[in-house]
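Enquirer: Sequences listed follow chains A and B, in order.
Number 164 in the UniProt record's numbering belongs to position 164 of the first sequence; there are no gaps in the numbering.
Number 125 in the UniProt record's numbering belongs to position 125 of the second sequence; there are no gaps in the numbering.
Heads up, some of the hints might be wrong.
[To be verified] Incomplete in silico selection of chain B near chain A, CB under 8 Å:
1) 77
2) 118
3) 133
4) 152
5) 208
[Said to hold, decoys possible] Label-pair ranges, simulated between beta-carbon atoms:
6) 58/A to 219/B: 39 to 45 Å
7) 37/B to 219/A: 48 to 54 Å
8) 92/A to 37/B: 26 to 32 Å
[Unchecked claim] For lysine to aspartate or glutamate, the following DMTMM-like pairs were computed, each having C-alpha atoms within a straight-line distance of at most 20 Å:
9) 135/A to 147/A
10) 179/A to 201/A
11) 91/B to 90/A
12) 179/A to 105/A
13) 151/A to 51/B
14) 63/B to 49/A
15) 91/A to 201/B
16) 144/B to 49/A
Just so you know, these hints were derived from the structure itself, not from any lab.
All C-beta atoms in this analysis are idealised placements derived from N, C-alpha and C, irrespective of residue type, glycine included.
Number of protein chains: 2
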Amino acid sequence: MTSAPEYHLIYWRGIPGRGEFVRLAFEATGTAYIDTPGGNDEVVAALSESDYRPVPFAPPVLKSGDMVLGQTANILLFLGPRLGLVPDTEKGRLQVNQLALTALDLSDEANNVHHPIGVSLYYEDQKPEAARAAKLFREERMPKFFEYFEKVLTGNEWLVGDQLSYADLVLWQVVDGLKFAFPKASNRVLRPLASLQRHYERVKNIPNVKRYLESDRRQQYSMWIFRHYPELDDN
Amino acid sequence: MTSAPEYHLIYWRGIPGRGEFVRLAFEATGTAYIDTPGGNDEVVAALSESDYRPVPFAPPVLKSGDMVLGQTANILLFLGPRLGLVPDTEKGRLQVNQLALTALDLSDEANNVHHPIGVSLYYEDQKPEAARAAKLFREERMPKFFEYFEKVLTGNEWLVGDQLSYADLVLWQVVDGLKFAFPKASNRVLRPLASLQRHYERVKNIPNVKRYLESDRRQQYSMWIFRHYPELDDN
C-alpha cells in the first residue's frame, strides 16, 4: 500500500504562473506531490478557509501535514531542506533565499510590464502604458538583473555552493519565461552572458527537469506572468 | 570596554525606505546596531565588493559576523530568532515570514503607484499613468490587503501567536507609510477595520518603538516608497 504524497500544491489550473516555482522543486527532485485535484474551486477554498490562521493571501498554497503555507518564497524555504535543495548551513540557506527572492523580484517586474496600471484591468486597457514600461524593462531592468546573475554565476556551476538549490530553479524559470515573453530582447541581452546561458542549459538538462519539461504536466505559457505580446518585444 | 555592535545595517541615507523594516526590528528590541556610517558611498561599495559571494542586488544590506545579507525579508529571517521576534517553532517562523512577505508585497505595490512605467523615470514623466494606477490602488489593492490583515488580526493581538513578531513591525511600517502617502484614502479604508487600527496603535506604543519614533533616528518620509502627492489621494 502506497501512502498519499505528503505535499499538496494548490494553484490556478492551466497556467505555470507562480505555482511553477514550486512544481519545479518537486519535479527536479523526483518528489511525489498532488497538484490541485479540485481545480480552481480548490484555490478559492484554500484562500477562504476560516479554520487555519493565517489563511494565505494568494496562491500558490502548499499543504503538508499540519502546515498550510502561502507565499512562493516561503513555500520554497520550507521545502528546501526537505527536498535537498539547500546547503546544510544557515548561511547557505540564507544565500539561497536571498537569490530566490531576487529572481522573484524580476518575475514581479515582468508581470508589471503588461499590467503597469493595475492587475484588475485588461492588457488592452493599458497598452500604451505597457509599451512604455516594456521599453524600460527590455533596456534597463532585464539587463540589470541578468548581468547581476551572470556575475554571481561567473566561475560557478550553481548559484550557491557546489550543488543545485531552489534558487537555481527559480532563476531558470524566470529566464525561461522571459525567453518566451521577449524572445528578441532576451536573446540580445543574454548573448554576451555566457555563464547565465550555460546555467540555463545546465538546469534544463537535469534528467528529472528534462523529463518534466517534455511531459504534459509542464503547462504552456499563456496569460499570466509571462506573456508574449510581439509589440512589447524588441522591434 | 564595550564591544562593537554585531549588526551593521547599510542603506541609503536620509530616507526610511526598505531599510526602515530592518531598523524597526533593532529599535523595537533595543538592539544595538550601526547604521551606514559611511553614507551612500558605503551602499555603493556594499553592492560592488567582489570578495563576497553573492554580493547583494540592492540595499538594505546587513553585515553580521561573516554574513553579508541582502533582501529585506531575508535579513529579517536572519534577525528573527536572534532578536526574539519569532516564535520558537518552525511553523510559527514560516507564518511570520509569510505575513512579512505579504506586507512587503503591499509596500512594493505602493511604490509602483507613483512609478508605474519605470523606476528610472521621474514621477513627473509618468503622472497620468500614476493617476490611473493610484485610483486602482486606493479602491482595490489597499482595501484588499488591509481587509486581509484585519481578518488575520480579528480576535488576536498580534499577527502570529501571542507575541510581537517582525511581521507586526513590517505591517505597521507599511500602514504608517500609506497613512502618510494617502491620508484620505487610508483613513477611509481603515475606518471600519477596528482590529488593524488597534494593532497599529499597539505597535506604535511599544515603549522602544515610541521612543524611536520620537528620536532623530526616525527619518521623515520624502521621496522613496511612501510619497505624498495630494493628486494621487482621494479627492
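Enquirer: Holds or violated: residue 91/A and residue 201/B, Cα atoms, limit 20 Å.
Expert: violated, 36 Å
Enquirer: Would the stated hint for residue 77/B survive a check requiring a Cβ distance to chain A of less than 8 Å?
Expert: Because about 7 Å separates residue 77/B from the closest Cβ in chain A, which is inside the 8 Å limit, the hint holds.
Enquirer: Could you check if residue 152/B really has its C-beta closer than 8 Å to a C-beta on chain A?
Expert: Nearest chain A Cβ about 5 Å off; hint holds.
Enquirer: Within a Cα-Cα threshold of 20 Å, do residue 91/B and residue 90/A meet the stated pairing?
Expert: Answer holds: residue 91/B to residue 90/A is near 17 Å, not above 20 Å.
Enquirer: Please work out if residue 63/B and residue 49/A have their alpha carbons no farther apart than 20 Å.
Expert: Given pair residue 63/B, residue 49/A is violated - Cα atoms ~40 Å apart, limit 20 Å.
Enquirer: Regarding residue 92/A and residue 37/B, is the given constraint of 26 to 32 Å on their beta-carbon distance met?
Expert: holds, 29 Å
Enquirer: So, residue 133/B near chain A? Judge it on the closest CB pair being under 8 Å.
Expert: holds, 5 Å
Enquirer: Run the distance test for residue 144/B versus residue 49/A: straight-line Cα separation, threshold 20 Å.
Expert: Between residue 144/B and residue 49/A the Cα gap is close to 17 Å, so the pair holds against 20 Å.
Enquirer: Between the alpha carbons of residue 151/A and residue 51/B, is the straight-line distance 20 Å or under?
Expert: It holds: about 12 Å lies between the C-alpha atoms, which stays within 20 Å.
Enquirer: Please check whether residue 208/B passes as an interface residue: C-beta within 8 Å of a C-beta belonging to chain A.
Expert: violated, 25 Å
Enquirer: Can you let me know if the beta-carbon spacing of residue 37/B and residue 219/A is within 48 to 54 Å?
Expert: Because 50 Å falls inside the window, the suggested range holds.
Enquirer: Taking 20 Å as the top limit, are the C-alpha atoms of residue 179/A and residue 105/A close enough?
Expert: holds, 17 Å
Violated hints for the displayed structure, listed by number in ascending order: 5, 6, 14 and 15.
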